[in-house]
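*Asks:* So the protein lines, in turn, are chains A and B.
Going by the numbering used here, the first sequence opens with residue 1, and the numbers climb by one from there.
Going by the numbering used here, the second sequence opens with residue 1, and the numbers climb by one from there.
Among these hints, one or two may not hold up.
Covered stretches of chain A (chain B as the covering partner; in silico rule of three or more C-beta atoms under 8 angstroms from a C-beta of chain B) [stated by the list, open to error]: (1) 70 to 80; (2) 322 to 331.
Straight line, CA to CA, 30 angstroms or less: simulated DSS-like cross-link-like pairs of lysine-lysine [what the hints assert, rightly or not]: (3) B:Lys513 - A:Lys369; (4) A:Lys492 - A:Lys69; (5) B:Lys22 - A:Lys438; (6) A:Lys108 - A:Lys492; (7) A:Lys438 - A:Lys492; (8) B:Lys577 - A:Lys108; (9) B:Lys23 - A:Lys438; (10) A:Lys108 - A:Lys454; (11) A:Lys454 - B:Lys375; (12) B:Lys158 - B:Lys577; (13) A:Lys492 - A:Lys369; (14) B:Lys513 - B:Lys597; (15) B:Lys597 - A:Lys438; (16) B:Lys590 - B:Lys605; (17) B:Lys447 - B:Lys369; (18) B:Lys158 - A:Lys454; (19) B:Lys22 - A:Lys369; (20) A:Lys438 - B:Lys158; (21) B:Lys369 - B:Lys205; (22) B:Lys605 - A:Lys369; (23) A:Lys36 - A:Lys108; (24) B:Lys158 - B:Lys597; (25) B:Lys577 - B:Lys590; (26) B:Lys46 - B:Lys447; (27) B:Lys23 - A:Lys108; (28) B:Lys22 - B:Lys158; (29) B:Lys590 - B:Lys447; (30) A:Lys454 - B:Lys22; (31) B:Lys447 - A:Lys438; (32) B:Lys577 - B:Lys555; (33) B:Lys205 - B:Lys597; (34) A:Lys438 - A:Lys112; (35) A:Lys438 - A:Lys108.
In short, the hints are calculated from the structure, not lab data.
We put the beta carbon where it would ideally sit given N, CA and C, even for glycine.
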Amino acid sequence: MNEFPILSLMTFLPLVGAALLLLLRGEGEAVQFRAKMLALLMSGLTFILSVVMLLNFDPTEADFQFVEKRIWFENIGISYHMGVDGISLFFVVLSAFLTPICILASWKSVSKRIREYLISFLMLETFMIGTFCALDAILFYLFFEGVLIPMFIIIGVWGGPRRVYSAFKFFLYTLLGSVLMLVALLAMIVQTGTADIPTLMGADFSPHMQLWLWLAFFSSFAVKMPMWPVHTWLPDAHVEAPTAGSVILAGVLLKMGGYGFLRFSLPMLPDATAYFAPMVFGLSVVAIIYTSLVALVQQDMKKMIAYSSVAHMGFVTLGIFTLNIQGVQGAVFQMISHGVISAALFLAIGVVYDRLHTRDINRYGNLSKNMPIYATVFVILMLGSVGLPGTSGFVGEFLALLGAYKVDTVTATFAATGVVFGAAYMLLLTRKLVFGPKVNDDAAAMSDMTVVEKAYFLPLILLVLWLGVAPSYVLDRTAPAIESLLVQYHAKLATEVEPNIANVPEHSQEHVQMNEQDQMPLQDHAQKHGMGE
Amino acid sequence: MIYYMAVFAPLIAFLLAGLLGKKLGDAFSQVVTCAGVILAAMISVKLFFSVVLGMSPVTLPVMDWISSGDFEAAWVLRLDQLAVIMMCVVNIVSACVHVYSVGYMHHDEAKSRFMAYLSLFTFAMLMLVTSDNLLQLFFGWEGVGLASYLLIGFWYHKHSANAASVKAFLVNRVGDLGLTLGIMTAFVIFGSIQFDDIFGAAASKSTEMFTFFGYQFHALTVLCLLLFVGAVGKSAQLGLHTWLPDAMEGPTPVSALIHAATMVTAGVFLVARFSPVFEYAPDALMVVCLFGAVTAFVAATIGMTQFDIKRVIAYSTMSQLGYMFFALGVSAYSAAMFHLVTHAFFKALLFLGAGSVIHAMSNEQDMRKMGGIWKLIPFTYVVMWIGSLALAGIPFFAGYYSKDLILESAWASHSSVAHFAYWMGIAAAIMTAFYSWRLLIMTFHGKPRADHHVMDHVHESPPVMTIPLAVLAVGALFSGALLYGGFAGVPTEVALVPVEGSPLIDKAAFFGKSIFVMPQNDSVAHAHHVEAWVKNLPTAMGVIGIFLAWLAYSKIPAIPAFFVRVFRPLHTLFFNKWFFDEIYDALIVKPTVALGKGLWIGGDKALIDGLGPDGFAALSRRIGQIFSKFQSGYVYQYAFVMMIGLLALVSWIAYVTGILNFN
């Protein structure tokens with residue numbers, strides 16, 4: 001695999017496309033069409049490459065595959081290191097899958113500065129794929145933060161009336177967290193002398209230093225997820241973003257936080273992870289119940305789905321910090337599933353928004369009559385969102401809950417009530433959107449899905465059902481990497497304290513005491529590297 | 001293997017009708033769905049002979065589903081005795097309803113959609129009953145809920161239908177929450193959700209404790225109660241029953257199939273399926289018994305006061321489900337299953353008969369606007385009589401055998417809860433007979449109360465509707481007598497059995513290993529030895545109930561009004577369905593919405609954004625404003641600020657370097 005740099009090709013092909021678009025001059029229909037075709041071609045090629053990668057992925061291997069490594073800055077241990085394992089594999093595919101769909105979805109609905117719009121999306125794709133492939137901490141950081149720029153522009157330029165407020169809110173929230181993450185990364189590099197992620201996974205940081213590093217990473221990932229209470233940027237960003245922007249935001253960007261936890265926090269900072277797990281449990285449960293209730297009273301369809309995303313991400317954080325196989329596999333699956341379902345839901349809202357130009361739920365209704373295919377699609381997506389067995393939404397949610405239940409029945413029970421609230425707001429939305437009596441003549445006059453719309457909804461719907469009925473394709477491929485992650489995690493913990501896998505809260509209490517004993521030498525050590533505070 | 005088709009034929013029919021129905025027309029959908037389900041029904045009957053009477057259960061693998069670490073759940077068809085009995089009931093009733101619907105939905109625009117949904121439901125129900133692990137059962141459980149949601153809201157332009165469908169889904173979700181927790185508890189206790197693993201280990205886990213919410217509980221009791229919460233939701237037992245009457249918003253064939261014969265009995269099936277675990281959780285059984293008994297009684301009281309013909313039958317269904325549950329609660333699993341089977345026939349018959357009446361009366365459902373039509377629709381009238389006789393437990397009709405067996409088992413079980421259930425059952429029996437004949441008399445007899453437009457159009461239904469009614473009527477007439485031997489455990493000769501070497505069949509052989517009862521709990525076996533008055537009382541109550549109804553609604557019509565006046569508070573309570581809806585609305589629905597609004601406006605907007613980004617932005621703006629005031633353009637002000645700044649700087653340096661020492 002080393003010969004063919006498929007990951008680099010996938011990462012930078014969209015960027016080449018963006019460069020070509022820059023060269024494209026002139027205005028008018030023909031140029032716009034050519035620009036769109038070019039963008040579609042480049043992102044389509046990237047998607048084909050991702051499928052090639054998926055087919056060549058060895059499902060039994062836990063280690064990184066398709067690895068590329070070039071020395072970059074030798075003296076400080078930074079290299080250009082790329083590779084995917086079972087955890088990142090499907091996020092790469094998801095990014096490559098959603099970008100062409102976004103371009104198709106914008107085909108008619110965006111006409112202002114289309115060239116720049118497409119450039120932004122292709123740049124975004126490069127950064128997204130890069131984030132999931134990067135195996136060097138600095139490289140990861142560049143991609144991870146790079147995502148912000150095109151997204152900021154997409155919301156700020158092609159967004160709704162309050163786009164500037166939302167764009168800045170999004171930018172500042174995420175940047176603030178990321179700055180702390182950069183400090184943490186630098187501290188880790190200074191201590192170990194390398195930025196290589198696989199090497200860092202094997203490194204041992206003192207428990208005390210871990211706490212600070214963990215919090216720094218957490219401040220970035222928690223905002224990205226987003227976790228309660230740093231979630232308020234998301235509804236605003238979604239509401240103002242153009243449809244395709246929301247699709248990428250919900251479909252891929254929210255997963256970067258969860259991916260970060262799995263790539264950095266768990267393997268590199270196991271003691272701190274165990275220590276903070278109960279806190280994450282608490283925040284997750286609050287997120288699930290709180291945002292579900294808030295979603296229930298929204299009149300803006302996009303806001304409703306945005307809040308539901310926060311609730312669904314609550315299951316992800318819950319699953320990750322169960323630190324058992326069902327929980328983590330459930331979390332990863334939930335991220336993939338939510339990537340498909342929420343993306344499709346935002347697209348579905350885009351379909352009616354393009355026709356009626358309002359997101360007010362009360363202006364719709366009775367769409368089953370004039371848009372039967374749309375209604376069918378929407379109902380299937382709704383079922384996926386409420387986690388009906390047989391759809392992809394169920395598998396992740398159930399496994400995450402199961403993992404949590406093994407650790408803590410109280411948390412899992414409260415989290416499970418989110419399933420009821422989740423059904424409540426989604427049914428309400430469905431009822432007001434596609435069912436119910438006729439409300440408006442203009443809503444009743446809307447035409448059903450066009451051929452293009454059907455074309456991009458079909459694979460989404462098939463994925464929702466296929467992943468629900470036969471999730472083993474994904475579960476089998478994610479299992480080796482997650483199992484080895486957890487084995488290493490527990491092994492690292494076990495070297496310092498007694499292994500107590502089943503019960504995280506108790507375990508972390510033991511750990512606090514241990515920390516205090518080790519306080520003195522640790523602090524010296526940390527202060528030497530500027531991390532004493 | 002052909003046996004797969006007993007489950008998957010309806011799925012194929014659903015896909016064909018759903019995807020191609022628009023293109024190929026309604027007739028195509030009707031033919032393909034009816035054919036699919038009839039095929040499944042025929043294979044089920046074949047399975048009945050080979051699996052139940054031939055005593056050879058089989059398990060058919062389908063494919064992998066979810067596996068993660070030591071958690072495993074696969075798609076499997078477990079065709080044992082219990083499953084096959086359910087399959088027969090589901091497929092036969094479903095086939096009747098499919099055919100009936102071709103006639104009933106004749107005037108509807110969306111025939112394809114309707115038929116497709118019916119087949120989808122049938123498939124989901126079959127997946128539920130043939131499951132061999134808890135997760136596939138949950139798939140079927142939610143699948144039937146989905147079909148129910150879609151069919152209740154089938155006339156989606158009606159506001160009430162929408163509200164009812166959402167309510168059904170949500171109330172069921174509350175029950176499903178219990179079931180989900182039950183599945184997870186089973187996994188924690190047994191390390192598996194496979195039925196065989198759970199049932200095999202139940203005895204050894206009977207003394208284990210389980211920590212739930214920080215308290216230690218008897219593990220199997222917790223498991224059983226959580227599963228039972230699911231059953232309460234799906235089977236509309238008291239507390240989570242409020243969706244069922246509203247579900248009558250769906251077309252009548254739906255009420256017959258889903259909300260009477262099959263889906264609502266899924267809870268009964270679940271408890272019967274888990275008999276090997278419930279047997280070791282006596283406290284859970286007691287709860288099941290209490291819920292069943294109270295539900296049977298309360299539902300019957302409401303049924304006596306309703307005027308909507310479908311709602312009366314709906315409350316009757318709820319009441320009969322209560323009978324099944326208290327039978328389960330006294331370990332009379334086979335009696336509960338028996339009543340499930342006979343009830344499926346006579347209740348589907350009553351619903352479809354009511355549908356035929358509604359069809360004839362130009363979609364009128366209020367019994368106050370009916371009457372005097374028995375001569376105009378004699379066939380419907382006869383089948384309604386058969387259904388009502390079976391429901392009231394009049395000798396030799398199907399319900400007589402099963403209901404009596406339940407009541408006798410309850411009496412034979414000799415615990416105070418079981419005796420309470422017996423008396424509740426007796427009270428419900430008289431009310432059952434009363435509201436059944438109230439319904440018959442109000443609907444068919446007396447002077448016509450409909451206007452002449454309606455009366456002119458009253459007509460008997462076409463054969464496509466009457467033939468399914470006839471099939472169900474045969475079931476309501478003979479299923480009790482035919483199956484009594486198997487379910488009641490009396491070795492009797494079953495004339496229909498072609499299997500050689502087993503002319504006799506008793507309960508143990510009939511259910512094989514699919515139902516487990518501890519010998520000391522076997523109330524069905526003891527039921528045959530109860531006193532004569534215990535055996536005869538239910539029948540007597542049925543006859544008295546019929547007589548009272550005749551007296552009140554035919555002989556002396558002033559009686560109902562008199563009773564309403566005399567027992568005003570009681571009637572108000574019954575007529576308003578014990579105010580469950582109002583109480584839930586005030587205690588749960590409204591506070592939830594208010595909480596959501598509060599969290600949004602108070603939490604997100606005011607608190608988080610107010611202190612967070614917006615507050616920060618406002619703060620920096622204010623600071624900016626303050627500083628902008630300094631930009632006044634007057635040189636002396638600038639000079640003054642510079643002076644102050646310089647002074648501060650010097651003081652600070654002096655302080656830090658120690659030149660300025662306050663000590």
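*Asks:* Next, verify each hint and record whether it holds.
*Replies:* These are the hints, each one checked on the structure:
1. 70 to 80: violated (count 0)
2. 322 to 331: With 5 residues closer than 8 angstroms to chain B, the segment 322 to 331 of chain A meets the three-residue bar; holds.
3. B:Lys513 - A:Lys369: Outside the cut-off at roughly 50 angstroms; violated.
4. A:Lys492 - A:Lys69: 27 angstroms, holds
5. B:Lys22 - A:Lys438: 23 angstroms, holds
6. A:Lys108 - A:Lys492: Outside the cut-off at roughly 54 angstroms; violated.
7. A:Lys438 - A:Lys492: Violated - the C-alpha atoms of Lys492 of chain A and Lys438 of chain A are around 62 angstroms apart, more than 30 angstroms.
8. B:Lys577 - A:Lys108: 54 angstroms, violated
9. B:Lys23 - A:Lys438: 26 angstroms, holds
10. A:Lys108 - A:Lys454: 14 angstroms, holds
11. A:Lys454 - B:Lys375: 54 angstroms, violated
12. B:Lys158 - B:Lys577: Between Lys158 of chain B and Lys577 of chain B the Cα gap is close to 23 angstroms, so the pair holds against 30 angstroms.
13. A:Lys492 - A:Lys369: 59 angstroms, violated
14. B:Lys513 - B:Lys597: 53 angstroms, violated
15. B:Lys597 - A:Lys438: 27 angstroms, holds
16. B:Lys590 - B:Lys605: 21 angstroms, holds
17. B:Lys447 - B:Lys369: Holds: Lys447 of chain B and Lys369 of chain B sit about 10 angstroms apart, inside 30 angstroms.
18. B:Lys158 - A:Lys454: 28 angstroms, holds
19. B:Lys22 - A:Lys369: Given pair Lys22 of chain B, Lys369 of chain A holds - Cα atoms ~14 angstroms apart, limit 30 angstroms.
20. A:Lys438 - B:Lys158: 10 angstroms, holds
21. B:Lys369 - B:Lys205: 59 angstroms, violated
22. B:Lys605 - A:Lys369: 37 angstroms, violated
23. A:Lys36 - A:Lys108: It holds: about 10 angstroms lies between the C-alpha atoms, which stays within 30 angstroms.
24. B:Lys158 - B:Lys597: OK: Lys158 of chain B and Lys597 of chain B at ~28 angstroms, within 30 angstroms.
25. B:Lys577 - B:Lys590: With Cα atoms ~20 angstroms apart, Lys577 of chain B and Lys590 of chain B stay inside 30 angstroms; holds.
26. B:Lys46 - B:Lys447: At roughly 48 angstroms apart (the allowed maximum being 30 angstroms), Lys447 of chain B and Lys46 of chain B break the hint.
27. B:Lys23 - A:Lys108: Between Lys23 of chain B and Lys108 of chain A the Cα gap is close to 29 angstroms, so the pair holds against 30 angstroms.
28. B:Lys22 - B:Lys158: 23 angstroms, holds
29. B:Lys590 - B:Lys447: The given pair, whose Cα atoms are some 45 angstroms apart, is violated under the 30 angstroms limit.
30. A:Lys454 - B:Lys22: Answer holds: Lys454 of chain A to Lys22 of chain B is near 16 angstroms, not above 30 angstroms.
31. B:Lys447 - A:Lys438: 40 angstroms, violated
32. B:Lys577 - B:Lys555: Since the Cα atoms of Lys577 of chain B and Lys555 of chain B sit roughly 28 angstroms apart, the hinted pair holds (cutoff 30 angstroms).
33. B:Lys205 - B:Lys597: 46 angstroms, violated
34. A:Lys438 - A:Lys112: Violated, at about 33 angstroms.
35. A:Lys438 - A:Lys108: 27 angstroms, holds
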